[in-house]
Amino acid sequence: DQQVKQNSPSLSVQEGRISILNCDYTNSMFDYFLWYKKYPAEGPTFLISISSIKDKNEDGRFTVFLNKSAKHLSLHIVPSQPGDSAVYFCAAPFYQKVTFGTGTKLQVIP
Amino acid sequence: DVKVTQSSRYLVKRTGEKVFLECVQDMDHENMFWYRQDPGLGLRLIYFSYDVKMKEKGDIPEGYSVSREKKERFSLILESASTNQTSMYLCASSLRGGRGEKLFFGSGTQLSVL
Numbered sequence: 001d002q003q004v005k006q007n008s009p010s011l012s013v014q015e016g017r018i019s020i021l022n023c024d025y026t027n028s029m030f031d032y033f034l035w036y037k038k039y040p041a042e043g044p045t046f047l048i049s050i051s052s053i054k055d056k057n058e059d060g061r062f063t064v065f066l067n068k069s070a071k072h073l074s075l076h077i078v079p080s081q082p083g084d085s086a087v088y089f090c091a092a093p094f095y096q097k098v099t100f101g102t103g104t105k106l107q108v109i110p
Numbered sequence: 001d002v003k004v005t006q007s008s009r010y011l012v013k014r015t016g017e018k019v020f021l022e023c024v025q026d027m028d029h030e031n032m033f034w035y036r037q038d039p040g041l042g043l044r045l046i047y048f049s050y051d052v053k054m055k056e057k058g059d060i061p062e063g064y065s066v067s068r069e070k071k072e073r074f075s076l077i078l079e080s081a082s083t084n085q086t087s088m089y090l091c092a093s094s095l096r097g098g099r100g101e102k103l104f105f106g107s108g109t110q111l112s113v114l
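These protein sequences, in sequence, are chains X and S. Residue numbers for the first sequence follow the numbering used here, beginning at 1 and rising by one. Residue numbers for the second sequence follow the numbering used here, beginning at 1 and rising by one.
Pulled out of the complex, with its shape left as it was, chain X reads as follows (with noise of 0.2 Å):
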């Protein structure tokens, strides 16, 4: 049972537009949802997060939307750099687990 999905495994943009990645969640008690990074032969890092008191959270170019009741989160990233170029997925703390989706590979264009 995949309770956290990421319907759309690869996205290529190109360089300056925006990055819209999303994640569906079935848990209803989740609360709290991170984004992270991972690179190729890397470990994941933390991007950004978000509690579900907020609808919205941004931190730089990285802003990350809430909608509790379609149960889904969104992370848009303006503009998009090359740099961005990475697999992104969505987490959800429950008590001590966390929970992942399968992950979006973002490909930016120059």
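Fair warning: there could be bad hints in the mix.
[What the hints assert, rightly or not] Subject to a maximum C-alpha distance of 25 Å in a straight line, what follows is the list of computed DSS-like cross-link-like pairs (lysine-lysine):
#1 X:Lys-5 - S:Lys-102
#2 X:Lys-97 - S:Lys-71
#3 X:Lys-97 - S:Lys-13
[Stated by the list, open to error] Covered by chain S, per the in silico footprint, the following chain X stretches (three or more residues, Cβ under 8 Å):
#4 13-20
#5 40-48
Since the hints were made in silico from the structure, they are not lab data. Glycine residues also receive a C-beta, built at the ideal position from the N, C-alpha and C atoms.
Mind docking chain S on chain X? Use the hints.
Coordinates of chain S only, in the frame set by chain X:
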């Protein structure tokens, strides 16, 4: 900075061998995790530990066991390696705290079972 160190970057083993993957963190984190990453399947949790000698099964514990004798060290054991355990294995640690505690990952071990 938090450092999570995995003992090997690449490992090649034979079917049936017992395999140990070691992970050490240097920030006194209570929680430690083992994930595997496979194409199209994302990161799947194998086991986690929230204290010394404590362990909890994740989503795919079959064929694996873990050991946490010291707070800084979390070992993943493949009792009898099989080809379907060929994967990238990632160790992570975090503080025990609120829901928003970030996981810090090691660089991963690419295990090939032949």
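For which of the previously enumerated hints does the structure constitute a violation, in increasing order of number?
-> Hint check: 3 and 4 fail, others pass.
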